[in-house]
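Q: Sequence:
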Amino acid sequence: MSDVFHLGLKKSDLQGAELAIVPGDPERVEKIAALMDKPVKLASHREFTSWRAELDGKAVIICSTGIGGPSTSIAVEELAQLGIRTFLRVGTTGAIQPHINVGDVLVTTASVRLDGASLHFAPMEYPAVADFACTTALVEAAKAVGATTHIGVTASSDTFYPGQERYDTFSGRVVSRFTGSMKEWQSMGVMNYEMESATLLTMCSSQGLRAGMVAGVIVNRTQQEIPNAETMKQTESHAVKIVVEAARRLL
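When we follow this note's numbering, the leftmost residue of the sequence shown carries the number 23, and every step to the right adds one.
Everything labelled a hint here was simulated from the structure, so no lab data went into it.
Just so we're clear, the structure is a prediction, and the values are computed from it rather than from any experiment.
Backbone N, C-alpha and C fix where the C-beta goes; we use that ideal spot for every residue, glycine too.
Fair warning: there could be bad hints in the mix.
[As the list claims (entries may be wrong)] Calculated lysine-lysine pairs in the PhoX-like style (CA-CA distance at most 20 Å, straight line):
1. Lys53 x Lys255
2. Lys263 x Lys60
3. Lys165 x Lys205
4. Lys33 x Lys53
5. Lys80 x Lys63
6. Lys165 x Lys32
7. Lys32 x Lys63
8. Lys80 x Lys32
9. Lys60 x Lys80
10. Lys60 x Lys33
11. Lys80 x Lys33
12. Lys53 x Lys63
13. Lys80 x Lys53
14. Lys80 x Lys263
15. Lys53 x Lys263
[Stated by the list, open to error] Restraint ranges, calculated between C-beta atoms of paired labels, are given here:
16. Thr170 x Ser228: 29 to 35 Å
17. Glu206 x Ser228: 25 to 31 Å
18. Lys32 x Met146: 35 to 41 Å
19. Ser24 x Val197: 38 to 44 Å
20. Tyr189 x His28: 32 to 38 Å
21. Arg107 x Thr201: 18 to 24 Å
Please put together the full structure from these sequences, using the hints given.
A: Here's what the structure looks like:
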């Protein structure tokens, strides 16, 4: 019998862990755990796959969130109920600034709240900001592994297609709210689009939890829309190593 509704976990499964690495993709969880000591699979329910591992003798949880804010909010809520106080998200992303190259790493300091889930935790006037210690650890870890790193603001959308102003869709239509939005975010220095950070950062900051966000760039949308599969794999591997090193610094 689990102690929470969705994750299938009991508090005892965490063995005192207070830090969780939260990728979106369930298939990334085991890869992350394998970079640590004593990896053990805990549960797999719907989009939520969880493992426990150790860094320098301390327990760390790795749990997938699925895509988007609603499922991310479930994972964060239930992990917090079980004792997690620090969340490090790792993912892949599409850059929208021409100077950012595929394979680079982006550390998010704050997110444009294009989502809806974050409104269930704080009003729109509340900023979606990353924790300073988490951000510092991610930047230091990225530099330690030799990654070209960019630090700044992310646009976090509920949808992959219209919310990120993609026209390669069934309808080819983007509603007026988002027409021209990518150019506007570019002019404000926004680095990239993704789909979880606004919810994660708002939720954690407003509740006294710590959160940070790192993403590997798999495509630059000023050049093309579809990533190269091999480059995507290499970039994911790079980002995963960075988040593990950052976790070590925060324990």
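Q: With reference to the structure, classify each hint as holding or not holding.
A: Results of checking the hints against the structure:
1. Lys53 x Lys255: holds, 12 Å
2. Lys263 x Lys60: holds, 17 Å
3. Lys165 x Lys205: This hinted pair is violated, its Cα atoms lying about 30 Å apart.
4. Lys33 x Lys53: The given pair, whose Cα atoms are some 23 Å apart, is violated under the 20 Å limit.
5. Lys80 x Lys63: Since the Cα atoms of Lys80 and Lys63 sit roughly 16 Å apart, the hinted pair holds (cutoff 20 Å).
6. Lys165 x Lys32: Violated, at roughly 36 Å.
7. Lys32 x Lys63: holds, 13 Å
8. Lys80 x Lys32: Holds, because 18 Å separates the two Cα atoms, which is no more than 20 Å.
9. Lys60 x Lys80: Satisfied, since the Cα-Cα distance of roughly 10 Å is no more than 20 Å.
10. Lys60 x Lys33: holds, 18 Å
11. Lys80 x Lys33: holds, 16 Å
12. Lys53 x Lys63: holds, 12 Å
13. Lys80 x Lys53: holds, 18 Å
14. Lys80 x Lys263: This hinted pair holds, its Cα atoms lying about 18 Å apart.
15. Lys53 x Lys263: Distance of about 10 Å is within 20 Å: holds.
16. Thr170 x Ser228: 29 to 35 Å: Given about 32 Å between the Cβ atoms, the range holds.
17. Glu206 x Ser228: 25 to 31 Å: Holds: the Cβ-Cβ distance is about 26 Å, inside 25 to 31 Å.
18. Lys32 x Met146: 35 to 41 Å: Roughly 36 Å apart at Cβ, these two residues keep to the hinted range, so it holds.
19. Ser24 x Val197: 38 to 44 Å: holds, 40 Å
20. Tyr189 x His28: 32 to 38 Å: holds, 35 Å
21. Arg107 x Thr201: 18 to 24 Å: violated, 41 Å
Going through the hint list in order, the structure does not satisfy hints 3, 4, 6, 21.
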